[in-house]
Structure formats: C-alpha cells, structure tokens
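Quick note, the sequences are listed as chains A and B, same order. With the numbering used here applied, the first sequence corresponds to residues 1 to 325, in that order. With the numbering used here applied, the second sequence corresponds to residues 1001 to 1498, in that order.
Bear in mind the hints are in silico, worked out from the structure with no lab data behind them. For clarity, every value in this text was computed on a predicted model and none was experimentally measured. Beta carbons are placed, not taken as given, at the ideal position from N, Cα and C, and that holds for glycine. Treat the hints with care, since some could be wrong.
[Stated by the list, open to error] Distance ranges between label pairs, derived from CB positions:
1. G1371(B) <-> I18(A): 22 to 30 Å
2. K1269(B) <-> K145(A): 51 to 59 Å
3. A131(A) <-> S1059(B): 54 to 62 Å
4. S1059(B) <-> F120(A): 51 to 59 Å
5. S1059(B) <-> I311(A): 43 to 51 Å
[What the hints assert, rightly or not] Pulled from the structure, derived: some chain A residues nowhere near chain B, Cβ distances all over 10 Å:
6. I4
7. I44
8. L102
9. F108
10. L117
11. P124
12. I177
13. N205
14. L272
15. Q289
16. S319
[What the hints assert, rightly or not] Below are the DSS-like pairs computed for lysine-lysine, each with C-alpha atoms no more than 30 Å apart in a straight line:
17. K206(A) <-> K1387(B)
18. K1370(B) <-> K11(A)
19. K1136(B) <-> K1116(B)
20. K1280(B) <-> K1317(B)
21. K1387(B) <-> K1340(B)
22. K1361(B) <-> K218(A)
23. K1317(B) <-> K1340(B)
24. K1317(B) <-> K218(A)
25. K1247(B) <-> K11(A)
26. K11(A) <-> K1382(B)
27. K218(A) <-> K1340(B)
28. K194(A) <-> K1361(B)
29. K1117(B) <-> K1067(B)
30. K1159(B) <-> K1124(B)
31. K194(A) <-> K11(A)
32. K1361(B) <-> K1375(B)
33. K1361(B) <-> K1280(B)
34. K1340(B) <-> K12(A)
35. K12(A) <-> K1382(B)
36. K206(A) <-> K1375(B)
37. K145(A) <-> K299(A)
38. K1247(B) <-> K3(A)
39. K1375(B) <-> K11(A)
40. K1307(B) <-> K206(A)
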Amino acid sequence: MDKIKQNPIVKKLGFNRIILFCILVLLYVAFSIAIPGFAGMARIMSILNYVYFLGFLALGVTFVIATGGIDFSIGPVMFCCALIGGYSLNTYGVPVIVSILLSILIGFLFGMFNGWLVAFVGVPPFIVSMASMNIAKGLGSVFTKTQSVSWPQLNDPDGRGWFRNLVKVGDVPTGLIIFAVFVIILFIVMNNTKPGRYILSLGSNKEAVRLSGVNVRKWQMLAYVICGTLVGIAAIFFVSAYTTVQPGLGDTYNNEAIASCVMGGTSMAGGLASIGGTVIGVFVISLLQEGIMALRMTKEVQMIITGLIVIIFVYADVSARRRKN
Amino acid sequence: MGEVILTMKGIDKSFPGVHALDHVDLELKRGEVHALMGENGAGKSTLMKVLTGIYTKDSGTITFEGKEVEFHNTHEAQEAGIVIVHQELNMVGDLTVAQNIFIGREFKKGIMIDDKKMITESRKLFDELHINIDPKAKMSDLTVGKQQMCEIAKAISHKAKVIIFDEPSAALTEKEIEDLFAIIRDLRAQNLGIIYISHRMDEIKVITDRVTVMRDGAYVGTLITNDCTKEDIINMMVGRVIYEEPKTKSMVPDDAPVVLKVEHLNAGKMVQDVSFELRKGEILGFSGLMGAGRTETARALFGADPKTSGDIYINGKKVAIHSPQDAVRNGIGYLSEDRKRYGIVVQKTITENSTMATLEKYTSGLFINKGEEKKITEQYIKELATKTPSAEELVVNLSGGNQQKVVIAKWLVRNCDILIFDEPTRGIDVGAKNEIYKLMNRLAAEGKSIIMISSEMTEILRMSDRIVVMCEGKKTGEIRIEDATQEAIMDKATRDIK
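Isolated chain A, as found in the complex (with noise of 0.2 Å):
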C-alpha cells in the first residue's frame, strides 16, 4: 500500500482522490446494476446538470475553506442571485445578459461583503455566513414579493432562451465544456498565482504571513470574493438546468458543497484544498442525488447522507492531522 503511495504519478494525482474517482465508477456502476435503466445518456445528462451549479458552489467555498474560514451562505446566495436576476427580466423586461450580469454582480457583491466582514472587520466566517444566508433568503423574497420566479425557456417567443445553450446544444453538453475551463482556470489561480499561494499559506498559519509583510486581509477577503462570484455564476446554470426558483431556499445546497470539498481532500482547518478533489466530490453528490431520485426516495434521505459524509470526512482529516503531531 505505502508503496503505490510513493509512487510519483500517484503522488501527483493523489491517493486519496484516486481512491475517490474509484469509489465514484463503483457507485455509478451500482445504481445502474440496481436501477433499470439508471445507465445511459439520459441519466447522464440529468447528473450533469446537477454538476454544473454544484461545481460552481464548490468550487467557490474551496476557495473559503483554504482560508480556513466557511461559508454557508453560498446556497441562498445563488437563489437570491436567481430572483433578482430573473423577476429583472420577467418584470422590468431587461434583455438577458444584463440579468445574468446582475446575477453575477450581486453574488460579487455578497462576496465583497462576507470577505470584507471576516478579513477587515474581524467577525467570525461562520456568524458572517450564517447572517448572510439570512440576508440573502430576505433579499430575494423581499424583490420578488415572495413569488417564484421563472427563466425563459428554449423557445422563448422573444428569442430570451438563448441562455439555456450555456447548458447543452442539442446533445452536445456546452456546459460541462464551460465547466472544465473554469476547473482550468481556478486549478491553475489556486496552485501557481500570487492569490493562490497566500490564500492557503493564511489558511495554514496566518500570522506568520502577516509578519512576512503580507496585506493578509486582501487575500482573505479575496477568497470570499471569488467564492461569491462564483456563486452568481452557479446562479446562471441552476436556472439554465431548472427554471424556476423559489424565495427563502437554497440551504440543503451548501452542505453539499461543503460535502463535496471535504470528500475531495480540502481541510476544514484550512491550507490545504484540491480543486481536482472538490470536482470529483462534485460528480460522487451529483451522482447520489440522482440515484436517491431514481430509487424513488426523497431529498431529505439525501440530506442524511449528505450530512453524515461531512462528518465522517471531516473526522478522517482531523485524526490524520492529529496522527501527524
């Protein structure tokens, strides 16, 4: 065992996510023997969906865990993002690109916020978050008058659906291409830039940065910033993949990103994070929200067994650390 360990192509790629891509193959092979009919491009194209604004999450609070803070906002924030974007278009008649720009802003926004909160001012990540998911649900209900709101579909008389080939063309899934380019992008920002470096450097031992003559708070407000970008982007799939959206949700979504983190090998103790892990976590939630759905069960069995691999993965890394020292 130490010894494939030591091998460097299993080094580079990591052991434990190799383990994981391994446990996501068998889980995908599972349901398929289990579920007739669960293999094929149709299923695919559902999971993938989910992938999408999921990856988009993760991919976000990574960022915010590296720091060794967290975020829970990140799922109402999305909704939020949704609402203002879509009652915009639906009831002020804005042309698309600005809603999907207004949707990105105001996850930037929220991101400024959070970040400025944790770095400049000193509050706690998790009452910060925790305040502004609440803000976010409010936000969102308050603008759309507590009503639902619904993204033009595909053939949207007024040509407004034109969004939706973000998602897929035809058959051809546009979005997982669009995905695997930011993947690209944040892997490469998280392990060779400037930002990178220091945000999990202060996530490791943030006071020893500091007194490198490092403006740590930039880079920690940073993180929270890109995380809420992303968010508003996550926003723009979710409705590409769903349409409707409803004020005052949106929380089961962040234990699953977080779900997603942790399983791929990001500590919550901060420093150390996988962009490449989070993705694959990403595949293994997405994968088992569709196989709970197909097994004719409902979210709130999801919900248990999102809850309990956070604990259980969280608990893997502590006791490694403590190992460790």
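Position chain B relative to chain A; hints supplied.
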C-alpha cells in the same frame, strides 16, 4: 521557621536534547518564605512542575510531611496540600469571584449549585486574609492585583500547606505588592511553607527568609537572605564559569553609518520610551529578563503590534511603519522567538516559505515562476547548509536549526538589511547553535545589521558588539562589549524602577 515540611532531593529531569534538571535539591520549612531564583531557563519552573505533578521526574525523591510522595497531576498535589499560584491567572472572566474560587468542586444542593454557600465560604476566606473583595463581583471587573488575591484565596481554600508563587508581582502595582506581602506574612505566621519565585532582587530581600539559586538546571546553593547581599545572589545566578569565549571588542568601525535609529518608542506598558541606534554591520544585543519588553520592542518596531508613539529613522530618513508590510518594504526582517507560530508555515514547503516575503519578484504576469523560485531556494539551501532532502520538503519535517535557516533564507531572499533575531537559538541543539552564530557573524561582516534579542547571557556576550539592557519595559542601560560582564548586565536587568 519550623520543622522541614518539604524536601526535594536529587531531582533529575531530561527532555529530548535538554538536561533540564540536574540533581536539584530544595528544602522548605513550615513558616518560611523561600525564594527560588535563577536566570530564564535555569529550571525553576521545571522544578515546580515536577513538584506539582505536571512533569514526571526521572530520578530523585520528594518528601512531604515526612512521607515520600509522587504526584501524577496538579489535582493530586492540591489534594495533598501543595498548590501553585501561576504567573498567568487561570480565571474565567465571566464567572463571579466565588464561582471561580470553587470551580470544579462546587457546593451542591441536590442537583443545583449552591451559589449562596459558595459566596459565604468565599467571604470567610477573604476575611481570614483581610482582603476586601466582593465574592459576587464578576472576575473580569477586578484589577489584575485583585484577581491575584482571588487566586491566592483559591489556593488557601484547598487547605494548602505549601503555596508556590510564580512571579506573583510581575503585573502588580506597588500598592498591590504591599497588600500581597501582607498576605504572605500572614500565611507565614500561620505556619505555611511558601516558595516565592521572582526576579526582583529588592523583593527577595524584603519578603523571603532563605534563597535557593539555580543555574542551567543545576542547584547552586541556598543562603539565608539576611546574611547575603544582592551581589552574592547575582554571582551565584550567573556563575563564574564562562564556557564560551566572549567577544572582547566590537567588530564595528567607529565611523560605521547608523542604519536604524529608534527614538522614544512607546507601545503599551511593555515598551516605554525606548531609544537606540543600530550601525551598519553591527550585532546589537538586547538583554534582560523575561517580560523586560524586548520582544515587544521588536514587534512594535516591526509594525507587528501597534505603537503609541515614537520615530523610526532608516539611513537617516524618517519612515512610517504601521504594519509588517511597511517594515519589510523598508528592509527590516523579523525572526520570531516562536518560529512555529510566527516564523514559518510549517505545513508548506521550504520553497513556499523562502519566497513568502518576496513573491512578487517571482511572479511573471499572473503566474508564479516556479523554476526561478526553486532556483533561489536551492541556492540558499546550499549557502546556509540547510539539511533537507529537497526544496519541496515540508518545513514541519525539518529540525529546529534547519527551520531557523528557512526563516533566515526568507529574509535573505528579500535582501533585508536589518534583521531582528529574537532568541535565534531557542530550541536548537548545540551543534546547530554554532552554525547559526557563524551565520550571524558572516551576515554582519557582509554589512547586514542585526538586532539580537537573547535571554542567554553567554549568547549575548559571545555575539554582541554592543548591548542594550531592558527591564520592565524601559531601557536601563547600554554597554559596550569591551565593558560588558555578566554581573554588569544582570545588575541593569534587575534594576528596580520606582
């Protein structure tokens, strides 16, 4: 003084790489206040930790009230009647005085806590001690002095027979110290045995009956306080033996330019009106006892902690330093006494740590130039002879000496001209120590200017070209290396400032 209540004989304790206690003896009588003295790192605290069961001794015997004992934790020691009043107070600020005193052994009424009884009992205790504190007051509302009194009351409520005071006066005002002494005299009159650890020579003369001195983990001797002078005690503390050749003259030419000038630096209680100059190529030693304000001065100078006032000049030009960023921009590097917390990111690689302060130099466009980064890191690994399998090794896997070299590399990559070494050899074994010394001398010879804070007298005398001595937040002296002796430094470091 009465009969002997406590005897520690031949106590020996080793930690990996350190012989912390080398067959130490201590004898305490009933109705005695016994001072335990020695420099930082002499082993006083370790001895007390062995006594109260925090550490297990390797050999030796502890005899308490005629019976040989061995405590496995502080609770057992408390049960037997030996309690320690710590330097740092262990109080829960949001609880009341009474709740704090009886924490962990609350009186119960059924399943409810009997707060009333705790208050009455606390009041009784305070009356005994002639202290005026309201048991219902919130702990955080009391002054440090009053909190200390509560700590003492708590100790006594354990039916203590022996009380250890670990630098009790460090944070007290003069009035509070008088109150404290009144209580200690009271306790002595009640025939308790008291061990009193302090650095303040004048207090020792006032309050104690006998003095035991330790040095480098070994027992030096015990004197009757009234029969000895302050100088006798200092001589015993520093010893006559000088085991490393000290620097005999400054290596800095008289006309070397002043690179750093600090004027009237103030930062809280620990840095009061500190002024000094640092010349090019100089190693300026900062000596003093623990809590003298040396680290605080360095941190204020470096912008790590806010300062209240003071001017800093670099190469004759006044500079504003409000954060470590400003300091680094002005060519100052700080090597903390606590490397793992403040110096390095242990879970990251040597490369990542080496370029931590200089990353913009190794980024082209948006990307980190990993090739360049590796090259400079490997260059310094070679130059500083850092022992590591590769530049990609996590710093956590290196020894203390090699971790220190990574921190040094970080500032050399940055090309800092002024380096502040805070306890540069703490936690580093003897062989590596010499390497660090050589390195510091080389850096000074190359024209870097170094501030070296050290609690080791031999290190100060061996490395410094000039020595600044601090005591209780103030600069109490500046000594040329030609005139420096351990006694002269110690005298200034223990000078009581009224």
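Evaluate the given range 51 to 59 Å for the C-beta pair formed by S1059(B) and F120(A).
Cβ of S1059(B) to Cβ of F120(A): about 55 Å, so the range 51 to 59 Å holds.
For the pair supplied as a hint, K1247(B) and K11(A), is the alpha-carbon distance within the 30 Å limit?
51 Å, violated
Range hint 54 to 62 Å: satisfied by the CB atoms of A131(A) and S1059(B)?
58 Å, holds
Quick one, are K194(A) and K1361(B) close enough, alpha carbons at most 30 Å?
11 Å, holds
Compare the distance between the alpha carbons of K1307(B) and K206(A) with 30 Å, and conclude whether the hinted pair is satisfied.
21 Å, holds
Measure nothing beyond the straight line between the CA atoms of K194(A) and K11(A); if it is 30 Å or shorter, mark the hint as holding.
24 Å, holds
Pair hint K12(A) and K1382(B), alpha-carbon separation not exceeding 30 Å
Holds, because 26 Å separates the two Cα atoms, which is no more than 30 Å.
Do the alpha carbons of K1117(B) and K1067(B) lie within 30 Å of each other, as the hint requires?
35 Å, violated
Regarding the pair K1136(B) and K1116(B), is the alpha-carbon distance no greater than 30 Å?
10 Å, holds
CA of K206(A) to CA of K1375(B), is that 30 Å or under?
26 Å, holds
Hinted pair, alpha-carbon criterion (30 Å max): K206(A), K1387(B). Please report holds or violated.
26 Å, holds
K11(A) and K1382(B) were given as a pair; does the straight-line alpha-carbon distance stay at or below 30 Å?
26 Å, holds
When held up to the earlier numbered hints, the structure conflicts with 13, 14, 23, 25, 29 and 38 and fits the remainder.
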